[in-house]
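Colleague: Sequence:
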Amino acid sequence: MTTGTPPHADRRSDNSPSDDGSSAYGESLADIYDSLYPATDDALGSMAAFLQELRPAPAALLELGVGTGRLAIPLAGLGYRVHGVDASPAMLAKLHENDPSGQVTTSVGDFSELVVEERYDLVLTALNTFFMLPTQEQQLACLRGIHDALADDGVAVFETYDPQIYHRLTEATTRIGHLAPDALLIDTVQVNRSLQSVLVVHTVVGPAGLRKVPEVSRYAWPAEFDALARLAGLRVTGRWADWDRSPVTDRTEKHVYVVERQSV
39 MTTGTPPHAD RRSDNSPSDD GSSAYGESLA DIYDSLYPAT DDALGSMAAF
89 LQELRPAPAA LLELGVGTGR LAIPLAGLGY RVHGVDASPA MLAKLHENDP
139 SGQVTTSVGD FSELVVEERY DLVLTALNTF FMLPTQEQQL ACLRGIHDAL
189 ADDGVAVFET YDPQIYHRLT EATTRIGHLA PDALLIDTVQ VNRSLQSVLV
239 VHTVVGPAGL RKVPEVSRYA WPAEFDALAR LAGLRVTGRW ADWDRSPVTD
289 RTEKHVYVVE RQSV
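So the mapping is simple: the numbering used here equals the position in the sequence shown, first residue as 1, plus 38.
It should be emphasised that the hints constitute simulated quantities derived from the structure, not laboratory data.
Honestly, I wouldn't trust all of these hints.
Listed below are the simulated DMTMM-like cross-link pairs for lysine to aspartate or glutamate, each with C-alpha atoms no more than 25 Å apart in a straight line [as the list claims (entries may be wrong)]:
1. Lys250 <-> Asp225
2. Lys250 <-> Glu91
3. Lys250 <-> Asp79
4. Lys250 <-> Glu65
5. Lys292 <-> Asp200
6. Lys292 <-> Asp280
7. Lys292 <-> Asp72
8. Lys292 <-> Glu209
9. Lys292 <-> Glu253
10. Lys292 <-> Asp80
11. Lys250 <-> Asp280
12. Lys292 <-> Glu197
13. Lys292 <-> Glu155
14. Lys292 <-> Asp225
15. Lys292 <-> Asp264
16. Lys250 <-> Glu209
17. Lys292 <-> Asp282
18. Lys292 <-> Glu91
19. Lys292 <-> Glu175
20. Lys250 <-> Asp220
Remember, predicted model here, so these are calculated numbers, not experimental data.
Taking the hints into account, I'd like the entire structure generated from these sequences.
Modeller: Shown next as structure tokens:
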């Protein structure tokens with residue numbers, strides 16, 4: 039097993055955030071992110087079992103887009119040596135509040151320009167984070183960075199939505215839900231199918247007033263993802279509909295990819 043924490047990284051990095059959409063998104067939603075995307079025990083258990091089967095703890099694990107630590111902190115609790123990268127200092131500040139014992143180390147950074155000084159047994163990119171890179175070029179650059187970050191026998195795991203969920207939308211749609219007893223979440227979704235681009239505007243209505251946060255993602259079709267991985271020196275070794283390794287079907291809502299370095 040390898041050591042996953044870069045020597046220069048500590049719990050509170052002095053690196054500057056990248057001035058991009060993912061940073062702005064994180065800065066705007068850090069205080070309510072855990073309410074937007076709650077991590078249930080069942081979902082965490084399924085994901086942890088999936089990762090343990092691939093590379094058991096105490097493997098060195100790098101999470102890209104670590105956010106508030108909703109996944110990283112439980113994984114560290116299972117014995118993984120976890121380092122997280124995120125573009126948003128506010129997200130990482132929230133992570134450190136959630137992780138007072140400092141099990142997870144972090145650094146601020148744009149993971150489309152990933153540079154690490156150590157190599158990892160596992161690289162995790164969960165909850166559609168890979169699709170938050172808005173261009174094919176950035177997605178390819180991210181995969182190349184992951185290639186360099188992986189140990190020789192390491193594996194990378196991606197969790198993404200199924201592109202069909204949004205690609206089939208032909209007009210703007212609105213979803214309304216309760217964020218908290220005194221807060222409402224209104225999501226407006228627009229899709230540019232020619233660019234494979236999705237714009238979701240999160241509107242939060244609560245005691246503090248109204249807040250709008252745009253979220254842009256760029257989906258890659260499975261065949262495109264496979265091709266990008268090959269260009270980055272990687273190969274897809276498995277794709278499932280969920281952490282339980284259920285098969286992909288026409289009704290699949292997400293994909294879980296496992297990727298390894300290509301054999302020479």
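Colleague: For every hint, state whether the structure bears it out.
Modeller: Verification of the hints:
{"no.": "1", "hint": "Lys250 <-> Asp225", "in the structure": "holds, 9 Å"}
{"no.": "2", "hint": "Lys250 <-> Glu91", "in the structure": "violated, 40 Å"}
{"no.": "3", "hint": "Lys250 <-> Asp79", "in the structure": "violated, 30 Å"}
{"no.": "4", "hint": "Lys250 <-> Glu65", "in the structure": "holds, 12 Å"}
{"no.": "5", "hint": "Lys292 <-> Asp200", "in the structure": "holds, 5 Å"}
{"no.": "6", "hint": "Lys292 <-> Asp280", "in the structure": "holds, 7 Å"}
{"no.": "7", "hint": "Lys292 <-> Asp72", "in the structure": "holds, 20 Å"}
{"no.": "8", "hint": "Lys292 <-> Glu209", "in the structure": "holds, 22 Å"}
{"no.": "9", "hint": "Lys292 <-> Glu253", "in the structure": "holds, 18 Å"}
{"no.": "10", "hint": "Lys292 <-> Asp80", "in the structure": "holds, 17 Å"}
{"no.": "11", "hint": "Lys250 <-> Asp280", "in the structure": "violated, 31 Å"}
{"no.": "12", "hint": "Lys292 <-> Glu197", "in the structure": "holds, 7 Å"}
{"no.": "13", "hint": "Lys292 <-> Glu155", "in the structure": "violated, 32 Å"}
{"no.": "14", "hint": "Lys292 <-> Asp225", "in the structure": "holds, 19 Å"}
{"no.": "15", "hint": "Lys292 <-> Asp264", "in the structure": "holds, 16 Å"}
{"no.": "16", "hint": "Lys250 <-> Glu209", "in the structure": "holds, 20 Å"}
{"no.": "17", "hint": "Lys292 <-> Asp282", "in the structure": "holds, 12 Å"}
{"no.": "18", "hint": "Lys292 <-> Glu91", "in the structure": "holds, 20 Å"}
{"no.": "19", "hint": "Lys292 <-> Glu175", "in the structure": "holds, 23 Å"}
{"no.": "20", "hint": "Lys250 <-> Asp220", "in the structure": "holds, 17 Å"}
Hints 2, 3, 11, 13, counting from the list given before, are not met by this structure.
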